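S.K.: Chain residues, written in single-letter form:
Protein chains: 2
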Amino acid sequence: MAEEKAKETKENLENVVFVGKKGTMSYVLAVVTQINQGANEVMIKARGKAISRAVDVAEIVRNKFITEAKINDIKIATEEISTEEGNPLKVSAIEIKLVK
Amino acid sequence: MAEEKAKETKENLENVVFVGKKGTMSYVLAVVTQINQGANEVMIKARGKAISRAVDVAEIVRNKFITEAKINDIKIATEEISTEEGNPLKVSAIEIKLVK
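Quick mapping for you: the protein sequence lines, in order, are chains A and B. The working numbering numbers the first residue of the first sequence as 1 and each following residue consecutively. The working numbering numbers the first residue of the second sequence as 101 and each following residue consecutively.
Since the hints were derived computationally from the structure, they do not count as laboratory data. One thing to keep in mind: the hints can contain errors.
What the hints assert, rightly or not - Simulated crosslink set (SDA-like; lysine to any residue; CA at most 25 Å straight-line):
1) A:Lys49 / B:Lys190
2) A:Lys45 / A:Thr33
3) B:Lys164 / A:Val91
4) B:Lys122 / B:Arg147
5) B:Lys200 / A:Lys64
6) A:Lys45 / A:Lys90
7) B:Lys145 / A:Ala93
8) A:Lys45 / B:Lys121
9) A:Lys75 / B:Glu184
10) A:Lys45 / B:Lys145
11) B:Lys200 / B:Asn115
12) A:Lys21 / B:Lys145
13) B:Lys164 / A:Ile76
14) A:Lys22 / B:Thr167
15) A:Lys70 / B:Glu180
16) A:Lys64 / B:Lys190
17) B:Lys122 / B:Ile160
18) B:Lys149 / B:Asn163
19) A:Lys45 / A:Asp73
20) A:Lys21 / A:Glu80
21) A:Lys45 / B:Lys190
22) A:Lys21 / B:Thr178
23) B:Lys145 / A:Gln34
24) B:Lys197 / B:Arg147
25) B:Lys200 / B:Ser126
26) B:Lys170 / A:Glu80
27) A:Lys75 / B:Asn140
28) A:Lys64 / B:Glu195
29) B:Lys200 / B:Glu141
30) A:Lys90 / B:Thr167
31) A:Lys90 / A:Gln34
32) A:Lys90 / B:Phe165
33) B:Lys122 / A:Ile76
Computed from a predicted model, the values in this text were never measured in an experiment.
Here chain A stands alone, though its shape is the one from the complex (with noise of 0.2 Å):
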């Protein structure tokens, strides 16, 4: 049970496509290749102005590419991150969970 627990959360870890400031398409490929390899569910995750971003590959992998994936969970909040200077600040963030 513990096995099967630690193995999930690997599993979890692995398939985790952080979308940052490429294009979009970028983000929709590597989501559509980590599912094509075989992942069950992929989690899209972004930060501040990339969340739109986000959303958007989400959307396109779902209506263009993969139309039997489902959009499982989506979770928003505040994360604290370091500024160049080291100056703390906050941001919102995004997690969608795509489930195939």
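The hints should help you fit chain B onto chain A, whose structure is shown.
M.R.: Showing chain B alone in chain A's frame:
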């Protein structure tokens, strides 16, 4: 029963805050005002790049102003809008339901 449902629908329509290009705090104020005027739930909606701001609005209301508010449901979708030239354009959209 039918009357009650109609009332509920009406309430829901009234308690919507559309997040656009203004500063984040304008929308935070709009949400806080609706709740202080007695709304038990407020729907925060946004499209395209304003999606990140909608998440900021929900997080700021919840963390700074109305700490008993909870995020009840988050939905994402693709909507088709018309450009100024009349061409169809697909944009992502988000709906965040905040419940007191």
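S.K.: Could you run down the list of hints and mark each one as holding or not?
M.R.: Hints, one by one, checked against the model:
no. : hint                : verdict
1   : A:Lys49 / B:Lys190  : holds, 19 Å
2   : A:Lys45 / A:Thr33   : holds, 16 Å
3   : B:Lys164 / A:Val91  : holds, 14 Å
4   : B:Lys122 / B:Arg147 : holds, 13 Å
5   : B:Lys200 / A:Lys64  : violated, 37 Å
6   : A:Lys45 / A:Lys90   : holds, 16 Å
7   : B:Lys145 / A:Ala93  : holds, 17 Å
8   : A:Lys45 / B:Lys121  : holds, 24 Å
9   : A:Lys75 / B:Glu184  : violated, 34 Å
10  : A:Lys45 / B:Lys145  : holds, 20 Å
11  : B:Lys200 / B:Asn115 : holds, 13 Å
12  : A:Lys21 / B:Lys145  : holds, 24 Å
13  : B:Lys164 / A:Ile76  : holds, 15 Å
14  : A:Lys22 / B:Thr167  : violated, 35 Å
15  : A:Lys70 / B:Glu180  : holds, 20 Å
16  : A:Lys64 / B:Lys190  : holds, 12 Å
17  : B:Lys122 / B:Ile160 : holds, 15 Å
18  : B:Lys149 / B:Asn163 : holds, 23 Å
19  : A:Lys45 / A:Asp73   : holds, 12 Å
20  : A:Lys21 / A:Glu80   : holds, 19 Å
21  : A:Lys45 / B:Lys190  : holds, 22 Å
22  : A:Lys21 / B:Thr178  : holds, 21 Å
23  : B:Lys145 / A:Gln34  : violated, 30 Å
24  : B:Lys197 / B:Arg147 : holds, 15 Å
25  : B:Lys200 / B:Ser126 : holds, 20 Å
26  : B:Lys170 / A:Glu80  : holds, 20 Å
27  : A:Lys75 / B:Asn140  : holds, 21 Å
28  : A:Lys64 / B:Glu195  : holds, 22 Å
29  : B:Lys200 / B:Glu141 : holds, 6 Å
30  : A:Lys90 / B:Thr167  : holds, 17 Å
31  : A:Lys90 / A:Gln34   : violated, 30 Å
32  : A:Lys90 / B:Phe165  : holds, 16 Å
33  : B:Lys122 / A:Ile76  : holds, 21 Å
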